[in-house]
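Please take these sequences and the hints and turn them into a complete structure.
Spelled out, the chains give:
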Amino acid sequence: MKQFEALTRKTDRQPVRYLIVDDSVFARKSLAKMVESYGGQVIGEAGDGCTAITEYVRTKPDIVLMDITMPQMEGIEAVDRIVQEHPEARIVMVSSVGYQDNILAALQKGARHFVQKPVKADALYEIIRYVLNDDGVTSPVGAGTETSR
Amino acid sequence: MRMDLIQPFIGSLDAVLAQMMNAPARIVDLTMEEEGYRKKGTAATVAFRGEIEGRVILDMEPPVAAQVASYLSDGEVNASETLLRETVAELANMVIGNAVTQLNDAGYEFKVFPPEILTVEQCQKAGQDTEATILCFETPAGKVHLNIAMQHHQHWSHDSEPLPVQ
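Protein chains in written order, with my numbering: chain Z, 1 to 149; chain S, 1001 to 1166.
Bear in mind the hints are in silico, worked out from the structure with no lab data behind them.
Please note: incorrect hints may appear among the correct ones.
Over 10 Å on every C-beta distance to chain S, these chain Z residues come out as not near it, computed from the model [to be verified]:
id, residue
1, R9
2, T11
3, A27
4, V42
5, C50
6, T69
7, H86
8, S96
9, Q100
10, H113
11, E126
Covered stretches of chain S (chain Z as the covering partner; in silico rule of three or more C-beta atoms under 8 Å from a C-beta of chain Z) [claimed, not checked]:
id, segment
12, 1062-1075
13, 1086-1092
14, 1110-1123
Part of the chain Z face toward chain S, derived, beta carbon under 10 Å [said to hold, decoys possible]:
id, residue
15, K29
16, S37
17, Q41
18, S95
19, V97
20, G98
21, Q116
22, D122
23, A123
For every residue, glycine included, the Cβ atom is placed at its ideal position computed from N, Cα and C.
Shown next, in the form of structure tokens:
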């Protein structure tokens, strides 16, 4: 997998911490590999919206990657519940179902961005960098350039 | 069967396979389902309800699923049965999700359910009012079957009682 310039937290220069929410184990593994190539650390995983809320509270990640179509509780409802309690949450929706109503609903509930599956590593990197920069959390030196480690 | 409803699924599978197999896929056979569908490899099904109701089965021969798994994992993988199942479920999610996105943006309203692995060898025949079309795609690594069974409710509204998915 291509390696990207590491995204680190501005405050302590530690790796950006991720919570990955997807009912597919395979998708979680794939996303985990991707964020690790950005220098990130996966600190939690969840397979449904209910577990995502619990894991968010437990891990307080810098970024949540959230699927939409999941059993028990779907991603958009989980976003709503997380953001109501934690308005600072940075949630990026990652779903194959990307119709306008869904995207709009997710953004209205407080998601920061949306990326459609199949996910391209370069595209997700740029989105995460954008979301983190928006909050002044991090920016790599020479941000946006791809590099080999 | 309305081709405008099927076309997004064909286009979506074609695009995703071409990207993941690094070669074009081509349709080599198209049949109407006469009896219950008998799976050929590892298969996953996705149901949807609303203005359009039905289900789509994505059925892949193991070598194709293994190549897709390698692509999604960005490297060689140990193609276990579990991994192949997860791969097919995730691919079904992507293909059907992308198709559903196009249909929703075209104005059709329906809800999609998470993919489920098809564990039985032969499925029940689609309902009397539901036509099922089976498309066979050929890729360099083997064949992929897409079984699309759906019906369009012309007088559907948000308050309509959903029909059982076949």
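For Z/E126, is the shortest beta carbon distance to chain S beyond 10 Å? Its Cβ never comes within 10 Å of chain S, the nearest being 18 Å, so this holds.
Hint validity - Z/Q41 Cβ closer than 10 Å to any chain S Cβ: Not OK, violated: Z/Q41 not within 10 Å of chain S, min 19 Å.
Minimum beta-carbon distance criterion (10 Å), Z/D122 to chain S: For Z/D122, the interface hint is violated, since the closest Cβ of chain S sits about 13 Å away, which is over 10 Å.
Does Z/H86 clear chain S by more than 10 Å, comparing its Cβ with all Cβ atoms of that chain? The claim stands: Z/H86 keeps its Cβ more than 10 Å from every Cβ of chain S (closest is about 26 Å).
Taking the closest pair, is the beta carbon of Z/C50 still more than 10 Å from chain S? 14 Å, holds
Taking 10 Å as the limit, does the beta-carbon of Z/S95 come near enough to a beta-carbon in chain S? 7 Å, holds
Test the statement that Z/S96 is away from the interface with chain S: the closest C-beta pair must be farther apart than 10 Å. 3 Å, violated
Cβ separation check - Z/H113 to all of chain S, threshold 10 Å: 17 Å, holds
Coverage claim, chain Z over the segment 1062-1075 of chain S, checked by counting residues with Cβ within 8 Å (three needed): This one holds; 5 residues, not fewer than the three required, reach chain Z with a Cβ under 8 Å.
How about Z/Q116: closest beta carbon in chain S under 10 Å, or not? Holds. Min distance 7 Å.
Minimum Cβ-Cβ distance from Z/T69 to chain S exceeds 10 Å: Z/T69 not clear of chain S: closest Cβ-Cβ about 5 Å, inside 10 Å.
Once the closest CB in chain S is found, is it more than 10 Å from Z/V42? 15 Å, holds
In summary, the structure is inconsistent with hints 3, 6, 8, 9, 17, 22, 23 from the numbered list given earlier, while agreeing with the others.
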